Amino acid sequence: MVEDMQRAETDMDADVIVVGAGAAGALAAYGLAQRGVKVIVLEAGPRFSRAETVAKQRQIWEQDNSALYPNTALAPRTSPSREHESHIDNHGPVKFSAHYLRGVGGTTWHWQAVTPRFVPADFELKSRYGVGIDWPFGYDVLEPYYNRAEQELGVAGVGDFGAPRSQPYQQPPVRASYADTEIARRLAEFGQDFEARPTARNGTQSDERPACVGHHNCSNICPIGAQYAAIVHVQKAEALGVQILEETLATRLESDADGHITGVLWRRADGTTGRLRSRAYFVAANALETVRLCLASASETRPQGIANSSGMVGLRLMDHYNMAARFNLPFPVYPGRGPLTGFATAQWRDGSFRKDHAAFLLGFENIDMVSEVATQALQMHGADPQAVDATIRDLAARRVEMNAIVEQLPDPSNRVWLDHAHKDSSGMPRIQVHYGIDEYAQRGRKAARKQIEQTAAQLGASPPEIRETFFAVHAAGTMMMGQDKRQFVTDGFGRCHDHSNLFIGGAALFPANSTANPTLTIAALALRTEAAIAAQLAQ
0 MVEDMQRAET
10 DMDADVIVVG
20 AGAAGALAAY
30 GLAQRGVKVI
40 VLEAGPRFSR
50 AETVAKQRQI
60 WEQDNSALYP
70 NTALAPRTSP
80 SREHESHIDN
90 HGPVKFSAHY
100 LRGVGGTTWH
110 WQAVTPRFVP
120 ADFELKSRYG
130 VGIDWPFGYD
140 VLEPYYNRAE
150 QELGVAGVGD
160 FGAPRSQPYQ
170 QPPVRASYAD
180 TEIARRLAEF
190 GQDFEARPTA
200 RNGTQSDERP
210 ACVGHHNCSN
220 ICPIGAQYAA
230 IVHVQKAEAL
240 GVQILEETLA
250 TRLESDADGH
260 ITGVLWRRAD
270 GTTGRLRSRA
280 YFVAANALET
290 VRLCLASASE
300 TRPQGIANSS
310 GMVGLRLMDH
320 YNMAARFNLP
330 FPVYPGRGPL
340 TGFATAQWRD
350 GSFRKDHAAF
360 LLGFENIDMV
370 SEVATQALQM
380 HGADPQAVDA
390 TIRDLAARRV
400 EMNAIVEQLP
410 DPSNRVWLDH
420 AHKDSSGMPR
430 IQVHYGIDEY
440 AQRGRKAARK
450 QIEQTAAQLG
460 ASPPEIRETF
470 FAVHAAGTMM
480 MGQDKRQFVT
490 DGFGRCHDHS
500 NLFIGGAALF
510 PANSTANPTL
520 TIAALALRTE
530 AAIAAQLAQ
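In numbering that gives the first Met the number 0, the protein residues as written are 0 to 538.
A portion of the hints provided could be inaccurate.
What the hints assert, rightly or not - Below, simulated DSBU-like cross-link-like pairs (lysine-lysine); rule was C-alpha separation at most 30 Å, straight line:
no.	residue 1	residue 2
1	K422	K125
2	K354	K94
3	K354	K449
4	K354	K125
5	K94	K422
FYI, nobody ran anything at the bench for these hints, they're computed from the structure. The structure displayed is predicted, hence computed values, not measured ones.
I would like the entire structure built from these sequences, with the hints used as guidance.
If you want it as structure tokens, here you go:
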């Protein structure tokens, strides 16, 4: 391994090549650059302008998070409002929603910045409850990197949210909405503990980012940059000399007979191609695109693709297949003021019940309901403007949404593979996905539904209208880490078992998907892997 890293080629383009300029890639590039390592980042998508994106938000009709951002032929993606343009083919009983951005900064341009940690039991599901797969290390190993990730992202919070902490949060939380505080106060009387979720959103001005002023546009784009996006670390990395090659698609990884990765091929929209070489490679292109690059790199000597002697590349795809419920309270709370992220409870994130059914995170979303209730008011009252106005004012002040993030176990039948006979607009083989929901997750969703109904009743609300097919778009698990190279793709540092100088980043590494939004854990793992790459380069 060390000999591989010390090969004395003098024509290397960089010490490390990073594929993907999202949260994992940007953090790793910045960390390596701080150590004096020469880094080149390949990103298939374009650069986004915050000002141009905010301006576009005022002009378009689509209400999905992705619609504001370019969807290029070189880096195609699926948009929620234009499913017919999907760049993947679905198989299996449940249609998988692969809604992610491809561009410099990645999907963190349009997220809610919710950043809870995994809880300790998430790392030991098999040992504790007899289900799922254990991580190759425990919570205590990742906890210092959680601290560092929270520092880098500027995470704000108050409680531990089910995960013990050795350091306080970097930021005080953004001021809670009236809806959150009033609902939490009433539910506390029934023993339910709702609190502010940890978020990567400035409560005070910090790290050259302003404090949140509650624009309520968080999921499309934060207009002022108070909410973290990976462009923060892209720009920090560039300031240290990192070269970002946007609109440059990595098409193939090359390896020699010993398993050493020797280069990455790239292509641009104008047809130009090239090859870059480095001492180490860090691929962090998300749980689907990373799989595509590795499988598309198949050769005569590696017919199953790069990093795939185990046959596990693309297998055990996970997501959070959730539910959302809306109901009318008997009292006004005026939702829609401030950030979208509402209070939640960690009470069902862990417990002995996980032997029988999935854990779930239950929370409120601070959503403006005016559009929805306006449609309802028009259906109720037709052309009576006074009645329509009164109904809108009444229901918009009382209608709230709850949702449940339900964990899913790794299942080999949920998988990603390629159709080499058909290409997408980039010229790469089309992504194929088979996805379904096992009984363990279904039982967890039933438990979550019961709790939502109980919570609505405790609040004296109308019976909830529940939508049970709500994707969180948290794809994970396709390049899973573990010590046994026959069953896992990488070791505990994200280093591929088949290739000593190839490292993987992102949620693709997760052996379990927890009840947490994945980005903080992605960031913590990227920091740990970055340190391992630097140590290996130094040997």
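The hints, checked one at a time:
1. Of the pairs offered as hints, the one joining K422 and K125 is violated, with about 39 Å between alpha carbons and a cut-off of 30 Å exceeded.
2. This hinted pair checks out: K354 and K94 have alpha carbons roughly 27 Å apart, not beyond 30 Å.
3. For the proposed pair K354 and K449, the alpha carbon gap of about 18 Å is at most 30 Å, so the pair holds.
4. Among the hinted pairs, K354 with K125 is consistent with the structure: their alpha-carbon atoms are about 9 Å apart, no more than 30 Å.
5. Distance check on the hinted pair: K94 and K422 sit about 20 Å apart at the alpha-carbon level, within 30 Å; holds.
The structure fails to meet hint 1 from the earlier list, while all remaining hints are met.
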